[in-house]
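Engineer: Note that the protein sequences, when read in sequence, are chains A and B.
So the first sequence is numbered by this note's numbering: it starts at 1 and just counts up by one.
So the second sequence is numbered by this note's numbering: it starts at 392 and just counts up by one.
A couple of the hints might just be wrong.
Unchecked claim - Result set (EDC-like, lysine to aspartate or glutamate): computed pairs, CA atoms no more than 16 Å apart in a straight line: (1) B:678 x B:660; (2) B:659 x B:742; (3) B:567 x A:364; (4) B:678 x B:777; (5) A:352 x A:122; (6) B:567 x A:148.
As the list claims (entries may be wrong) - Label-pair restraints from in silico Cβ distances: (7) B:761 x A:10: 45 to 55 Å; (8) A:374 x B:580: 39 to 49 Å; (9) A:13 x B:596: 54 to 64 Å; (10) A:8 x B:645: 48 to 58 Å; (11) B:596 x A:20: 39 to 49 Å.
Keep in mind that the hints were calculated from the coordinates and are not lab data.
Using N, Cα and C, we set each Cβ at its ideal position, and we do this for glycine too.
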Amino acid sequence: MLDFPGAKAAFTSRMEFISPNAAEAVPCFRILDDLGRALDGSDIPEVDSSLAVKMYHTMVRLQTFDSIFYEAQRQGRISFYLTNIGEEALNVASAAALTKDDVVFPQYREHGVLMWRGFTLDEFANQCFSNEAGHGKGRQMPIHYGSEKLNYFTISSPIATQLPHAVGAAYGLKMDRKNACAVTYFGDGGSSEGDFHAACNFAAVLEAPVLFVCRNNGYAISTPACEQYKGDGIVVRGRGYGMTSIRVDGNDALAVFKAVSAARKLAVEQSKPVLIEAMTYRVGHHSTSDDSTKYRSGEEIAHWRSVRDPVLRFRRWLESNAWWSVEDEKELRGAARKEVISAMNQAEKKNKPPLSELFTDVYDTLPRNLLEQEATLRDTVSKNPPSLAPH
Amino acid sequence: MAQKVLVPCSSSSSCGKVQFSPSRVHTQAIAFGGELSQSSSRKNKSLALKAVAAKGETSAPVTAKSGHEILLFDALREGLEEEMARDPTVCVMGEDVGHYGGSYKVTKGLAEKFGDLRVLDTPICENSFTGMGIGAAMTGLRTVVEGMNMGFLLLAYNQISNNAGMLHYTSGGQFKIPVVIRGPGGVGKQLGAEHSQRLESYFQSVPGLQMVACSTPYNAKGLMKAAIRSDNPVILYEHVLLYNLKERIPDEEYVLCLEEAELVRPGKDITILTYSRMRHFVLQAAKTLVERGYDPEIIDIRSLKPFDLFTIGNSIKKTHKVLIVEECMRTGGIGASLRAAIVDNFWDFLDGRPECLSSQDVPTPYAATLEDATVVQPAQIIVKVEQMLQGLI
């Protein structure tokens, strides 16, 4: 054995380069087939009917909320929206495998995680309409949710900046010896950021209890995965950092639930990070600022939206257990639609935040320059026609 | 020369009243690591006269000097250590801060005392460990992030501006970020352009950040403690050439006010506003100016964001003339912002334009003669003050 400080490895007389890709890609763990039937030899995780139905309810509400609010943006009622379509199972099943003490650092396509934790439709709608009732006090653009109460950290647009935060939070949890871990989500595109590399490396070196959940949905706006990386996805990088990793079918709610549960256990008990690459597909456009038919075919989108819908797949499994029926479906879809529309209408009617909230929270207390600026602004507003005054 | 020093205010939020404490008069070292010259005429009288104190006597005669002498880097360390002992949520992270004790020894001995989880060595990625510090601060720790050189924190600009500065606001006040970001900056001795950055220039615009600059062992320790106790993200600017400055500081605990400027020398002819290393250049120039009969009032502004316009304004109302001496580059530096603030607020009290001496708008060259020419020198300060006081400008 050669004992350099950098590595302890056996020596070899044969010069052999390691090829860029293994003979076979890392296999993808799944429990249900595309039609929602348990595969032979699968080990179904402990998901009883009430948990399964609750998961399904949340997926449907998420899907309903997404489609209605996407349309609302098209109609000019809100300025921006971003959907989770195609990733509902990944969102909800991963959230269901965590506890409320686990701290979540999202990218921006994980509204289902927040919904699972108890953020209400009203709270979602208030943020999207940036009214005075929103927790963010109207300061962030739509879908940039945050809830201190639900341990879901306020979304910040730049990609992957939340990854080091998660490592920092995990470090704090480790120090406090809490029975909890940090969980952070990011996409295939986010894995290219420098922060991904450093966060993974830090977490492994510092032995921080954090789950890195990569939603590999195939596209980063218009950049397909094959132009994002040349290796076998994100899972293979785990080994590069000395980190346990797994590739899972992100559209299989049971597989996601099982993998995240096991990863969480490992992270909390052994104080180690785990990398989970969840393979999925971004059915919607990147956001309302994108038209993805420009870079992919309508047929491809339609295929994944219908035949490969993870919500439908999970529903089939529920039905096969006699936990769900056509009547239940009709009732849920109708109720969800009503609730979402009601929340939207309520939120739209509420006032926007008052001027007094423009300058607060920059610091803990208002410094002199901000008090001056507020006074000047109020003076300007009072001297000008009502159209310039806020609600 | 003797200076009067402000008694620290007891709270860490902005305060209005300050007092002078004549009992804390002490001399001050100037510029490049020169030692303090302390008067030691009472040294022989400090010894106890008897081996055992008789009943009824006071236990020991008064010591010659109260307090203890300390170098600036050690004063920072002392402040940090006291806060870490007082509050178990305070922790430090950065490159080589742990067992190595820090590149400038500010964290020396802390890992041994508090464990390597609270004094954390990180791999090399400024953006990441700054982000990590922010994430830990959001979840209940009070983190002190050390940049080995302030210039490297440019790699962490996104985390500092978009996250540290912003998240309290964008989360609607839900998440606070009590992080202290600190490290040595400023123009050193031939360290090259990338290691001679004045980050206060670049960060001063970011809403949500608070910035302070230390310049003496006394204010270094006090500001370190105040910064850690603050719930806002604070950037503490240290200067690479001031770490070996020596001063006698109090034994008893003290915390300075982050938003306060320091009146270093009262005077009536002109207000000179400065901070960090330039404070010492100004004091050196002041020796000559005083000999020539001028009476400058020297204020170390200390708080770079927000400015202590109360102290600064009171001075301008008295002297009617202002000279800012800074190490930032002319374009977009602290001086530029301070001039604007002075013009906005104290126009009626000014006899003339507020003047500013700054560094040249060039990357700091390596060659010593060139480097000296890019920063303000005491001789320039003397010339400028004389011009201003003789009405030539």
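Engineer: Next step is simple, just say for each hint if it's right about the structure.
Structural biologist: Cross-check of the supplied hints:
At most 16 Å may separate the alpha-carbon atoms for a hinted pair to count; residue 678 of chain B and residue 660 of chain B meet this at roughly 15 Å. As the CA atoms of residue 659 of chain B and residue 742 of chain B are separated by approximately 14 Å, the hinted pair is consistent with the 16 Å bound. With a C-alpha separation of about 8 Å, the suggested pair residue 567 of chain B and residue 364 of chain A falls inside the 16 Å cut-off, and the hint holds. Between residue 678 of chain B and residue 777 of chain B, the direct Cα distance comes to roughly 13 Å. Compliance with the 16 Å bound is thereby established for this hinted pair.
Between residue 352 of chain A and residue 122 of chain A the alpha-carbon distance is near 15 Å, which keeps this suggested pair within the 16 Å criterion. About 10 Å separates the Cα atoms of residue 567 of chain B and residue 148 of chain A, which keeps this hinted pair within 16 Å; it holds. Checked against the hint of 45 to 55 Å, the pair residue 761 of chain B and residue 10 of chain A passes, with Cβ atoms roughly 54 Å apart. About 45 Å separates the C-beta atoms of residue 374 of chain A and residue 580 of chain B, a value consistent with the hinted range of 39 to 49 Å.
Evaluation of the 54 to 64 Å hint for residue 13 of chain A and residue 596 of chain B yields a pass: the beta carbon distance comes to about 60 Å. Separated by about 51 Å at the C-beta atoms, residue 8 of chain A and residue 645 of chain B satisfy the suggested range of 48 to 58 Å. At roughly 44 Å, the beta-carbon separation of residue 596 of chain B and residue 20 of chain A lies within the given 39 to 49 Å, and the hint holds.
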